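2 protein chains.
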Amino acid sequence: MKSFAQISSLFEEKFNRNHFPAEPAKLYQAAQYVLGIGGKRVRPACVLMTNELFAEINEDTFHVAMAVELFHNFTLVHDDIMDKAPIRRGLPTVHEKFGESTAILAGDVLFAQAYDYLMRIKPVFLQPVLRIFTKTAKEVCEGQQLDMDFEQKSDINMDEYVQMITLKTSVLLAASMQLGAILGGAGAGNQDQLYEFGKYLGIAFQVQDDYLDTFGDPQKFGKQIGGDILCNKKTFLWLYAMEVASAGQKDQLLELSKNDDPKKVEKVTAIYKMCEVDAWATSLKKKYLEKALFHLDEVAVQKVYKEELNKIALHLMQRES
Amino acid sequence: MKSFAQISSLFEEKFNRNHFPAEPAKLYQAAQYVLGIGGKRVRPACVLMTNELFAEINEDTFHVAMAVELFHNFTLVHDDIMDKAPIRRGLPTVHEKFGESTAILAGDVLFAQAYDYLMRIKPVFLQPVLRIFTKTAKEVCEGQQLDMDFEQKSDINMDEYVQMITLKTSVLLAASMQLGAILGGAGAGNQDQLYEFGKYLGIAFQVQDDYLDTFGDPQKFGKQIGGDILCNKKTFLWLYAMEVASAGQKDQLLELSKNDDPKKVEKVTAIYKMCEVDAWATSLKKKYLEKALFHLDEVAVQKVYKEELNKIALHLMQRES
Numbered sequence: 064m065k066s067f068a069q070i071s072s073l074f075e076e077k078f079n080r081n082h083f084p085a086e087p088a089k090l091y092q093a094a095q096y097v098l099g100i101g102g103k104r105v106r107p108a109c110v111l112m113t114n115e116l117f118a119e120i121n122e123d124t125f126h127v128a129m130a131v132e133l134f135h136n137f138t139l140v141h142d143d144i145m146d147k148a149p150i151r152r153g154l155p156t157v158h159e160k161f162g163e164s165t166a167i168l169a170g171d172v173l174f175a176q177a178y179d180y181l182m183r184i185k186p187v188f189l190q191p192v193l194r195i196f197t198k199t200a201k202e203v204c205e206g207q208q209l210d211m212d213f214e215q216k217s218d219i220n221m222d223e224y225v226q227m228i229t230l231k232t233s234v235l236l237a238a239s240m241q242l243g244a245i246l247g248g249a250g251a252g253n254q255d256q257l258y259e260f261g262k263y264l265g266i267a268f269q270v271q272d273d274y275l276d277t278f279g280d281p282q283k284f285g286k287q288i289g290g291d292i293l294c295n296k297k298t299f300l301w302l303y304a305m306e307v308a309s310a311g312q313k314d315q316l317l318e319l320s321k322n323d324d325p326k327k328v329e330k331v332t333a334i335y336k337m338c339e340v341d342a343w344a345t346s347l348k349k350k351y352l353e354k355a356l357f358h359l360d361e362v363a364v365q366k367v368y369k370e371e372l373n374k375i376a377l378h379l380m381q382r383e384s
Numbered sequence: 064m065k066s067f068a069q070i071s072s073l074f075e076e077k078f079n080r081n082h083f084p085a086e087p088a089k090l091y092q093a094a095q096y097v098l099g100i101g102g103k104r105v106r107p108a109c110v111l112m113t114n115e116l117f118a119e120i121n122e123d124t125f126h127v128a129m130a131v132e133l134f135h136n137f138t139l140v141h142d143d144i145m146d147k148a149p150i151r152r153g154l155p156t157v158h159e160k161f162g163e164s165t166a167i168l169a170g171d172v173l174f175a176q177a178y179d180y181l182m183r184i185k186p187v188f189l190q191p192v193l194r195i196f197t198k199t200a201k202e203v204c205e206g207q208q209l210d211m212d213f214e215q216k217s218d219i220n221m222d223e224y225v226q227m228i229t230l231k232t233s234v235l236l237a238a239s240m241q242l243g244a245i246l247g248g249a250g251a252g253n254q255d256q257l258y259e260f261g262k263y264l265g266i267a268f269q270v271q272d273d274y275l276d277t278f279g280d281p282q283k284f285g286k287q288i289g290g291d292i293l294c295n296k297k298t299f300l301w302l303y304a305m306e307v308a309s310a311g312q313k314d315q316l317l318e319l320s321k322n323d324d325p326k327k328v329e330k331v332t333a334i335y336k337m338c339e340v341d342a343w344a345t346s347l348k349k350k351y352l353e354k355a356l357f358h359l360d361e362v363a364v365q366k367v368y369k370e371e372l373n374k375i376a377l378h379l380m381q382r383e384s
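Heads up: the protein sequence lines correspond to chains C and S, in order.
Mapped onto my numbering, the consecutive letters of the first sequence carry residue numbers 64 to 384.
Mapped onto my numbering, the consecutive letters of the second sequence carry residue numbers 64 to 384.
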């Protein structure tokens, strides 16, 4: 079994090229640009890794891995427009660089190009792969809509937040795991276990994301610490604090979320610490990671084959940026 | 063979229902809303009609026809955002009614739902259908980008305009014809002839569109006459006028395109008439219609079966709105 690093470099070899024709130049430069911004390519690596649990990696696996990565980038482009985000990974977002109209279209062609790769796989796999991919695509849109809805709502509970996060970010990781398994010839039971593994790993990943945004090491985090607090994002941390804080602390948090106190990040973080939000988030992450690993454990292949997936799960949880 | 009216009502029976789940309400209400704005459903009708040239209409044909109509509506939603259009068929556009972010997402789920219908067809047809559909989807995005590029360019020639129109509007009609043929079991030759029939018919349709916008009967047209002139759109009429007008007329046209003369529509139309743009447009439409009908004629099925497609072509050309 190949390590995550080996798998990633295999994928990059195939993926690092222009996926589009030359003309119309503006459209395809915009689509290619977002792919160049990079990222860890975690999802396509998972397609390849779960495939390798059951069979040799082949051309079909790469096609599906590329489709997943193109789809992920399509969602980034459209989400950045909706969030009016000017910067991604230190570079201007597509709509900042190419204008909003071209960014909408560039997202659209990335989505279409994902299907272009999918349709190349062996006919026997085509229908099941399309079914999962398309279901997941709709779910990710639903998650983004819920995220926008939640910005306008004050009374979101933890279950609703987990549901939103699952749709917005976890199902694509889950689907990546399942798609690799399908292409490897895995049965329905193993496919489901790998889907659940990816789903819970995705949620744990998001808990970690929320945690690092407030409690990360500024030297290692790479972004400004406290970004979520500054823009009043409802995160795992915020929702838990609102559950356990005293009436006075709650009033303070709500007050801080309504104004632009120059010490807002410090003050909110201090209340979080008094409420032990940091310890709670760490234990929540651990809970979801354990759920994920339980499902990986249930996959009916020899333990030794699953070690790399186990490692990548632990690695993703220990990241500091 | 069924008439266009019969085919349309068959299609509406299947299509007039909610294509989406209830939640998230805002997202799916937006996606369903644009479908309710209506339209002539010309493209799905063509899928059904070319299918009937070769075989009985069946469930697969309806799936593909629905996919084509959903895709068409996806492009309307995103194009309306890019064009900042407030009204479509007398009703507020999706972004006007639901906000721009939800409109972007609603377009995305319409696109995904198109693939949801496509993936249900018999495996033997899946790969060829996906190939044409996805190629066409990318071409339509290219056409929209070219259309936006042309707004910023002053030196567009007629060939470039025809190329843009072909991508932006004709290839979807062409693909609809071909997809129906594929599902009917037609061979590659007949598929190609029907594709060309749809392509030239689409161009003729656009010439008619441009003509009616300036020379249509205000009582019948349904929109304000002169809309293209008011917003300085480069149309077939404008490009031809710029080719044949005298130096003085050209200066006048360019001057009028730069200001907001209250008599702009009257003045531009008068120059068009002096240049005989109206007669030229009528003959150009006829030329493309003849090209279209030539390819229909080449389709190797008995003439009597092709009569309804012939009729719909003539009908589309005689419309006054």
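Calculated directly from the structure, the hints in this document are not laboratory data.
Treat the hints loosely; a few may be bogus.
Same chains, same names: a pair is fine if it fits in one copy or spans any two.
[What the hints assert, rightly or not] With a straight-line cut-off of 30 Å between C-alpha atoms, the simulated DSS-like cross-links for lysine-lysine are:
no., residue 1, residue 2
1, LYS198, LYS185
2, LYS89, LYS321
3, LYS374, LYS330
4, LYS369, LYS326
5, LYS147, LYS216
6, LYS336, LYS65
7, LYS296, LYS160
8, LYS354, LYS160
9, LYS77, LYS198
10, LYS216, LYS350
11, LYS89, LYS296
12, LYS216, LYS89
13, LYS327, LYS147
14, LYS326, LYS160
15, LYS297, LYS160
16, LYS313, LYS369
17, LYS330, LYS160
18, LYS89, LYS349
19, LYS286, LYS327
20, LYS89, LYS147
21, LYS89, LYS297
22, LYS160, LYS147
23, LYS89, LYS354
24, LYS89, LYS350
25, LYS330, LYS366
26, LYS326, LYS350
A quick note: this is a predicted structure, and the numbers were derived from the prediction, not measured.
Okay, which hints does this one fail, numbers in order? Violated hints (numbers, rising): 3, 4, 6, 8, 14, 16, 17, 18, 23, 24, 25 and 26; every other hint is consistent with the structure.
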